[in-house]
Amino acid sequence: MWCPTCEIKTNEPVCTVCQQKTVEDIEIPIEVYWCNECSTPVIMSRDDVKSCLINNKPVVCPVCSCNMAYLATDIKPVFPEERLLLELLENREIFSLQKANVWAHENKYYIDGKKHIVSLKKFEDADISYLQQGIEANKLKVSYDEFNVQIDRFIKYNRKRFNNIKYEAHEFIKREAGKYQEDNIVLSFSGGKDSTVVADLVIKALGNPYLVHIFGDTTLEFPMTMEYAKRYKASHALADFLTAKNREQIFLDVCKDIGPPARMMRWCCSMFKTGPITRVIYENYRNEQILTFYGIRKHESVSRSKYNRVEKGSESVKIQQQTVAAPIFYWTDIDVWLYIFSEKIDFNDAYRLGYDRVGCWCCPNNNSRAQFLSKIYMPEQAKVWQDFLIDFAKKIGKPDAEEYVNSGKWKARQGGNGLASASDVKIQFTNCTSEEHAKIYKLTKPYSDELINMFVPFGRVAPELGNKLLHEVIVLDIKTNVPILSIQPFSQDGYNYAVKIKTMNVKKHADLQRMAGYQVRKYNACRQCLKCESLCRSGAISIIGDEYHINAEKCVHCKVCVNQKYLAGGCMMDKYLRTK
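The opening residue of the sequence shown carries number 1 in full-length UniProt numbering; numbering runs sequentially from there.
Where hints are given, some of them may not hold.
As the list claims (entries may be wrong) - Cross-link-like lysine to aspartate or glutamate pairs, in silico, EDC-like; alpha carbons within 20 Å at most:
| # | residue 1 | residue 2 |
| --- | --- | --- |
| 1 | K122 | E106 |
| 2 | K383 | E403 |
| 3 | K442 | E547 |
| 4 | K565 | E311 |
| 5 | K468 | E435 |
| 6 | K121 | E402 |
| 7 | K318 | E343 |
| 8 | K76 | E182 |
| 9 | K108 | D145 |
| 10 | K76 | E343 |
| 11 | K426 | D493 |
Because the hints were derived from the structure by calculation, they are not lab data.
Just so it is clear, the structure is predicted and the values come from calculations on it, not from any experiment.
Please model the entire structure based on the sequences and the hints provided.
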């Protein structure tokens, strides 16, 4: 055990010095040191480093015993293809870096143990055409001979770290998998390095090559990701490989309607990833709870650092039907690469080109360096996206559209300012003057059975009890069978279409009316983002054609789909289209 506050090892569950809860050894942060004699990075536990410093001892190489120097908290390998790009970018002699030992972290390169920073301006000002020509002319001459020697040395010097993280991950996997039936264990496979490592760990830990893999094809994958997914599937022929894909929506069309996704408004995740995966899970497991092993890591971002290694039924679990477990939760980038190299695993070729992550190629979370790489290796797609963003910026009234896009300001946009679709999320109503606890809501389309169906979560929808002349529908409390809602089409000045909703026989009329308003918002603004499908544990919610549908026989009336805790504003479009 280890105390993260005092940074000392202990055998106690609570630190005897500061009385704080201790953690597993795997959670101890690491630091990367460089041995000049051996010319290789060495992963050191921060606890071991601190012990050396306290005792006035140098940090020494585990193989040659020479003094080592601190390098970084984390690094990734720089493959020969990326080295060629760096040579061209900095006008170095071609292949001058092929024999050097090169690692990197963000825009910092470490060449033979010495830090070298490449400014973001250099990426921005680069001559893309020149780089493309240089890569094309030299790519067949790129050699892995020296790189492979360097990696073999890296593996040898970090064997202890590899054994520790592999053993701990196997024990974690076996412990969590033991709580579920084997048929209810799933691997989330994205085609990235993290999910690749997790899949390999789980298959080997459980000795089961037949495990179900779910691949989320967002339609925005790197071409290299699709190629790798095919290779992976072919090399894991015994596995059940399921693909989740939104076949109804076209990403660019949705962008034109509600604007491109931004860092705080990534509607694309729900619509093109989580939603389709939810459908695949429900089709194969119905209402059964499953255990999904995935490649989330604590060190990837601030938001992910707040996750737990195992999550079940919390707000951070995007698909409520699954418990998620992260075997490599405490690993760093260098740990992941150590495992890949040690186990000789095939991986996505995008990393060879210099990409740090290989999710959606146009994700707003991608840094400017990733955009730079896409201009080189995916020029057609990059141009289409750039042109769209500039057109969008003009559409919403940005005075300097190109600067707005090139500076990355579009990634920080919030709400639907400047978009016609923004009006759809505004709940417009008037209080009924003739009936208490009744509101008349404006609709963006004619009153229909689709709207009535949205009130299934509130209770039993009973059209037979309403006033037929008024086309009234009554909703009964599911437990008491007492009427709680009256719904009917209405004619209202200033509203082309309207509905009157009255609450009855309840103590908190305002709360019930607010949730009713959420359903009106859904009816007006639904863009089939599939978030509601992902929230519903019973699989009662689905998008059929262009209509939102709730199966009354499956609905358990938990009201999660109208609860602000899970769905602020009752509809995700409220978050994406709300204006100031």
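Next on the checklist: Going through the numbered hints above, which ones does this structure break? Give me the numbers in ascending order.
Outcome noted: Hints 7, 8 and 9 contradicted; others consistent.
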